[in-house]
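Assemble the complex: chain A is given as a structure, and chain B must be docked to it using the hints.
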Amino acid sequence: MHSLRDRWRRDRVLLLLALPGVTALLLFHYLPLGGNIIAFQDFQPFLGIWHSPYVGLDNFEPVLTGDPVFLNALVNTLIITLIQVVFVFPLPICLALILNATISERLKRLTQSILYMPHFLSWVIVVALFQQMFGNGGMLNAWLRSADLSTFHIVGVPELFKLMITSQVIWKDTGWSTIIFLAALSRVDPAQMEAAVVDGASAARRLWHVTLPYIRPVIVLLLILRLGDTLSVGFEQIILQQAQVGAGASEVLDTYVYNHGIVGGDWGTAAAVGLIKGMVGVALVLGANRLAHALGEQGVYAK
Amino acid sequence: MGEPSKLGFGARGLVLGLGCLAVLVPFWAVLITSIASPEEINRAGGFVLWTNEPTLDSYRAVLSGGVVTRALLVSAGITAVGTALSLVTTIALAYALSRPGSLLQKPILLMTVFTLLFNPGIIPMYLTVKQLGLLDSYLALILPVLVNAFNVIVMRAFFQGIPGELRESAYIDGAGEMRILLRIVLPLSKAVVSVIGLFYAVAYWNAFFSAMLYLQSSEKWPLQLVLRTYVVNNTPIGSDQLSSNLENLPPQISVQMAILVISVLPILGIYPFIQKHFAKGLMVGAVKG
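Residue numbers (my numbering), protein chains in the order written: chain A, 976 to 1278; chain B, 195 to 483.
Next up, chain A with everything else stripped away, as it sits in the complex (with noise of 0.2 Å):
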């Protein structure tokens, strides 16, 4: 074994190059994490967070009496996110399948690219977007009056808001998720494919025996991470279009954060109810993955 000198000697150049990076995290994700701390003061700007009182749980009153408000956020956002898991994350797995069993690699590259597409661009473009096809003086409704139908409303419609964040979500990212299905499904070995063919196994049956063990790994590691995502639902996308549906039906955990602490200043509360959402997120992460363990998946990370 090296004495720590010679090791330092060795290595410092490493360090060197690590020492930005690790500076950059520190600054702002460790010490904000740290800052979480207010979410047990009265803070007060002008004083700061050396100097604001201590007010215990007062900040969590919100959460621990039930708060209306807050109520609303939570439940916005568990529908949200159990719609997302229910239909959005199967979609990309059958895309991926249906990608896969195209023959012409040409064919199959050009189409990757154009879904691949919407993945990069901001949600500000895509909110646009979608607003100038469905929005009442967007595309299809300038289209229906020329043709002397009646036009439909959806865009600003607060019963109908949730649909259209979902289909925002699969306009923009269905693409892009297949490519780690693709990557897990050009593991498949064509012998044992083949072998099932000659068996006389059902296309059904091959998909369930021969392709889907290939690809069950990586759909359970998607689950779990998106299960630690659980009560972040797409804070950009919301917030942009909250002001034409109202807080009723948009209003989720991350925009309460926000309206609160940021434009309300009430940091106090806003803090301690951002502080549950990361400690839930943390917990999901690692209950499921200890599930995952059990059930004998790889997880996230190997035991």
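The set of hints was computed from the structure by calculation and includes no laboratory data. Worth double-checking, as some hints may not be accurate.
Stated by the list, open to error - To give a feel for the contact side, a few chain B residues facing chain A, derived at Cβ under 8 Å: (1) V217; (2) P220; (3) I302; (4) N313; (5) Y320; (6) V425; (7) L459; (8) I461; (9) Q469.
As the list claims (entries may be wrong) - Computed list of chain B residues with no C-beta within reach of chain A, every gap over 12 Å: (10) G202; (11) P248; (12) T249; (13) L267; (14) M319; (15) K324; (16) Q325; (17) Y332; (18) I356; (19) M406; (20) L443.
The structure presented is a predicted model; accordingly, all values stated were derived computationally and were not measured. Glycine included, every Cβ here is placed at the ideal spot set by N, Cα and C.
Same frame as chain A, now just chain B:
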């Protein structure tokens, strides 16, 4: 694989075709409306899908100084500086972490990975940026997102895939770490560097919320905030904002669509060059884990 059935083939083609149309039609409509003549737009009452009299008036109006031109320069500057800084920092950190057994490698790796697990939250983030005196500064749009742990991990996995013998032989020949990184590792890592570079560039170009949170004066706005104000929120945009000397301002909708096209164009421009690296650059890291 298996016997191809006509029905399955047709259904698959239909799904893929509809998917591609759903992506392409909005782009097409936006592009054509931005170059259509005012008469055609009036006749259609908004969007047009074909134009016989294309004109670049709306682009001239938007790019001849004023709000949009300034925002475009701001966004381009942030993206260029931010991407360069992020790439250098990420490559350096990923290289340092690609050498198991080196001093402090394990704690630094753990510290990096751990940031993936939690999000400090909006309020503490805002207060930190404020405490560091970065409010209303462009640095606030760069420094907090300088290093993305996921990108570091992907790049590190790629570096570790480079045969160790190459490094060792260079080491025996007397090359130092910097030389090995610059002369051996980086030239072999073009795929991963360009993909991660694209990720950073897209993130900087698209950043909307951080600009809204940290920039107070509207003269500093990047393109995404201008886009939100004049396209999403439909705030009327006139000669005051454009400082244009065109006699007749083009119709509102073509001006809006021109802004939209301008904000999408850089991404579509570099996308084809980077896209071929996706499989190679990303998959090595992501699937191997």
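How the hints compare with the structure:
no.	hint	in the structure
1	V217	holds, 5 Å
2	P220	holds, 5 Å
3	I302	holds, 6 Å
4	N313	holds, 6 Å
5	Y320	holds, 6 Å
6	V425	holds, 5 Å
7	L459	violated, 11 Å
8	I461	holds, 5 Å
9	Q469	holds, 6 Å
10	G202	violated, 8 Å
11	P248	holds, 19 Å
12	T249	holds, 19 Å
13	L267	holds, 18 Å
14	M319	violated, 5 Å
15	K324	violated, 8 Å
16	Q325	violated, 8 Å
17	Y332	holds, 15 Å
18	I356	holds, 16 Å
19	M406	violated, 8 Å
20	L443	holds, 18 Å
Hints 7, 10, 14, 15, 16, 19, counting from the list given before, are not met by this structure.
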